[in-house]
Amino acid sequence: MHFRTKAIHVGNPTDSTTGAVVPPIYVASTFVMQEAGKPQEYDYSRSGNPTRGNFETTIAALEGGVRGLAFASGMAASHCATMLLESGQHVIAGTDIYGGTYRLLHKICSRSGISVTLADTTNLDNLESSLRPETRMLWLETPGNPLMSITDLAAAARWAKAHGLLTVVDNTFATPVLTRPLELGIDIVVHSATKYLGGHSDLLGGAMVVSDAELGQRLYYTQNATGGVMSPWDSFLASRGLKTLELRVREQSRSALEVAKYLAQHPRVGRVLYPGLPDHPGHELATKQMQGGYGAMLSFEVQGDLAQAKRLVESTHLFRLAVSLGAVESLIEQPATMSHASYDRADRLKFGITDSLVRLSVGLEHPEDLIQDLELAISQL
Amino acid sequence: MSQPNEKTGHELNGNGSRWTGFSTTAVHGGEDRQKAHDALTDAIVCASTFSFENTQSVIDFIEQDQQRGEYGRYGNPSDMVVERKLAAIEGAEDGILFSSGMAALVTLLMAKLSAGDEIVFFDQCYHRSREFCAKYLARYGVITKQVKTGDYAAMANAVTDKTKMLVSESPTNPHLSVIDLEKFVEIGRRFKVETLIDATLATPYNLRPIAAGVDYVLHSATKYLGGHNDLLAGVVLGCRAKLEDVRSLRGVLGGVNSPHNCYLLQRGLKTFELRMQRHNENGQRVAEFLAGHPAVAKVLYPGLPDHPDHQLAVRTMRGFGGLVTFFVKDPDWQAAARVVDGCRMARIGPSLGGVETLIEQPYVMSYFKYSPADRARFGIPDNMIRLACGVENAEDIIADLDQALRG
Ligand SMILES: Cc1ncc(COP(=O)(O)O)c(C=O)c1O
Ligand SMILES: Cc1ncc(COP(=O)(O)O)c(C=O)c1O
Numbered sequence: 000m001h002f003r004t005k006a007i008h009v010g011n012p013t014d015s016t017t018g019a020v021v022p023p024i025y026v027a028s029t030f031v032m033q034e035a036g037k038p039q040e041y042d043y044s045r046s047g048n049p050t051r052g053n054f055e056t057t058i059a060a061l062e063g064g065v066r067g068l069a070f071a072s073g074m075a076a077s078h079c080a081t082m083l084l085e086s087g088q089h090v091i092a093g094t095d096i097y098g099g100t101y102r103l104l105h106k107i108c109s110r111s112g113i114s115v116t117l118a119d120t121t122n123l124d125n126l127e128s129s130l131r132p133e134t135r136m137l138w139l140e141t142p143g144n145p146l147m148s149i150t151d152l153a154a155a156a157r158w159a160k161a162h163g164l165l166t167v168v169d170n171t172f173a174t175p176v177l178t179r180p181l182e183l184g185i186d187i188v189v190h191s192a193t194k195y196l197g198g199h200s201d202l203l204g205g206a207m208v209v210s211d212a213e214l215g216q217r218l219y220y221t222q223n224a225t226g227g228v229m230s231p232w233d234s235f236l237a238s239r240g241l242k243t244l245e246l247r248v249r250e251q252s253r254s255a256l257e258v259a260k261y262l263a264q265h266p267r268v269g270r271v272l273y274p275g276l277p278d279h280p281g282h283e284l285a286t287k288q289m290q291g292g293y294g295a296m297l298s299f300e301v302q303g304d305l306a307q308a309k310r311l312v313e314s315t316h317l318f319r320l321a322v323s324l325g326a327v328e329s330l331i332e333q334p335a336t337m338s339h340a341s342y343d344r345a346d347r348l349k350f351g352i353t354d355s356l357v358r359l360s361v362g363l364e365h366p367e368d369l370i371q372d373l374e375l376a377i378s379q380l
Numbered sequence: 000m001s002q003p004n005e006k007t008g009h010e011l012n013g014n015g016s017r018w019t020g021f022s023t024t025a026v027h028g029g030e031d032r033q034k035a036h037d038a039l040t041d042a043i044v045c046a047s048t049f050s051f052e053n054t055q056s057v058i059d060f061i062e063q064d065q066q067r068g069e070y071g072r073y074g075n076p077s078d079m080v081v082e083r084k085l086a087a088i089e090g091a092e093d094g095i096l097f098s099s100g101m102a103a104l105v106t107l108l109m110a111k112l113s114a115g116d117e118i119v120f121f122d123q124c125y126h127r128s129r130e131f132c133a134k135y136l137a138r139y140g141v142i143t144k145q146v147k148t149g150d151y152a153a154m155a156n157a158v159t160d161k162t163k164m165l166v167s168e169s170p171t172n173p174h175l176s177v178i179d180l181e182k183f184v185e186i187g188r189r190f191k192v193e194t195l196i197d198a199t200l201a202t203p204y205n206l207r208p209i210a211a212g213v214d215y216v217l218h219s220a221t222k223y224l225g226g227h228n229d230l231l232a233g234v235v236l237g238c239r240a241k242l243e244d245v246r247s248l249r250g251v252l253g254g255v256n257s258p259h260n261c262y263l264l265q266r267g268l269k270t271f272e273l274r275m276q277r278h279n280e281n282g283q284r285v286a287e288f289l290a291g292h293p294a295v296a297k298v299l300y301p302g303l304p305d306h307p308d309h310q311l312a313v314r315t316m317r318g319f320g321g322l323v324t325f326f327v328k329d330p331d332w333q334a335a336a337r338v339v340d341g342c343r344m345a346r347i348g349p350s351l352g353g354v355e356t357l358i359e360q361p362y363v364m365s366y367f368k369y370s371p372a373d374r375a376r377f378g379i380p381d382n383m384i385r386l387a388c389g390v391e392n393a394e395d396i397i398a399d400l401d402q403a404l405r406g
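Going line by line, the protein sequences match chains A and B. Sequential numbering from 0 applies to the first sequence in numbering that gives the first Met the number 0. Sequential numbering from 0 applies to the second sequence in numbering that gives the first Met the number 0.
Derived by calculation from the structure, the hints in this document are not laboratory data. Note that the structure is a prediction, hence the values are computed from the model and not measured. Ideal Cβ positions, reconstructed from N, Cα and C, are used throughout, including at glycine. Be careful, since some hints might not be right.
Derived, one-sided and incomplete: chain A residues facing chain B with beta-carbon distance under 8 Å [unchecked claim]:
#, residue
1, I7
2, T13
3, K242
Same shape as in the complex, but just chain A (with noise of 0.2 Å):
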């Protein structure tokens, strides 16, 4: 089965009852027992629910993996991760992740004991400068958020295991559209699937694929435990945002390379970080390592400063000023004052995260009219 069909069949089943083809929405919280002690297949929403088992499944397939797990949100699935660790343990992560992220593992794992390097991982060497006995895990993210750095994940798996560390990536970015890490050699994928799972700017949402059934256990004892679950509201919603999945991660890849190569050559934009193109320190990686595209995202620089910078994102019109990406909506952003606000500055400036950089979601809209916008915007600085 393709792509597209398991997205639109698999975790879809008709519904035994009725014959719905499309399967209910089950809101029930609670599930009645036959006997004491003894549930069927469901007890508890929270231990699980046959709409967002429907949503895991479903995500399981597409990623490649075994065990899939919804969560209310991408930094819950994240964190039910970093639950894997232990106080005194060490993280090894990307210097291009996610803001959340970021903070994440500085502010609440450092709280339980747990240490984490940031490293430039687009050079494996890096890793190997960073291990310490202590560390446990490699947290990656590719392309990276927001310079859209490459890492070589199969390279980068093969290394993991070396030195007997548990592989992240947050696969939000290239979607499994264009990566899937649990086929090179990756532990556990995970998504907010917020952004182009759910795909409408509709929905929280976050998504864990392992595909070891083992650690599958582990990592749903964690979360049962915890209790960020995705609703089945939510769930409803992230499973037909997957039935457009591929079309849509498609058609904004192609949009995207199309503004990349326009912004590239406009007199008063900088450097242009967009893996399509060619001049892209990680642009071969990522034509062997993404399939059929690019992704959607893409970062650049307007000349000038900070004001600049802020002057632009609040001028365009299609490109909507929000945090947040991944939609059938564009949106614009400043990584320095939005998404990566929680970054120090310090590390921001290190990580090159400038003031005038500007971060685009491209979404669904015709790339004509995306480039009039930024045209417009960028001829008003």
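For chain A, the structure is supplied; the task is to place chain B with the ligands on it using the hints.
Just chain B with the ligands, lined up with the frame of chain A:
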């Protein structure tokens, strides 16, 4: 694309000029730019009723004909935004949303017709539309004349001074005949009779009836517009002045859609162009596959060169949709039933236009209780199969059919 609305800013881009992209309109068209609480997406307004601050504001509302919420049956923000979006996509001035395609048809016809009036129908159509006109409108003294689909002279001949509306689907369900809208509209203009096209199977992506001069366009939005087999909806589009009485009658008869459904429809419309591109591609590829299959006697699909309306379809449509009708060689109904039952991915069910592929045998699904003579009259042979291609990969749909046809 529809005109920008001066007051609300719907449809305007930064330049004040119009958007060029179909999807741009599908994503943004009809929506307020800045929404309550600055939310990026529209809220689902569930309220069945809307409150007034005091008696004076009720009186102002009545006297000044203010645009605001009153009671859900007369309109609700969640259905109005979808009406505006559908109008923007269709290139129509206004649109009215209903709880189903049938509610849309019924309300439109009830608003426009009185006892003694006549309508002229092309005979290939959704069987419930025919049933409503022939059985129910007849009870109110409205006469329905059916003429052979595509026989424009017969249609013109059927018009009398009592005729109030010319009605057709295009493409027709399930025969996929394509109507020459120019000729259809010309008859209406010649006799000063209004025209209605049920363009459910074409959608505004593939066909532009308003631009061709048709007065009313109707869609079962349950199909491609909603697109996910998870809602029922209908819409009538046209110019505002002509739709006023339809809107008031909706308020009386009550076939309004629910706010939750309206939101799902609005959400579905955002991927409308992408889905239609895939439906068109899948329909074409599957039709070509079936046309070359030894177990298949005939395929009806406007995109095939041997379809009687192929030239017209190519000239007037952007694509031909996901519906493919075909006939298995064995004339026995059970042979076709075995093909339907043999499908593993395609599910057996009525409806069309959703992401999931559906298959059905019209004789069994919709005409089982009709006499053989009536089935012959309506052109529903026993060996006819109607396949509604979803947006799965074409290879998977073809492989599924292939194994089902091999038995
Ligand atoms: C790459 C990435 N990972 C994780 C998250 C967190 O997800 P959520 O906002 O759904 O908690 C986000 C976005 O906010 C993100 O962009
Ligand atoms: C062409 C056509 N028109 C109208 C309808 C009626 O629409 P609904 O089922 O939404 O009432 C249908 C389908 O059922 C249809 O196929």
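Worksheet item: Against the structure shown, which of the earlier numbered hints fail to hold, in ascending order?
Response: none
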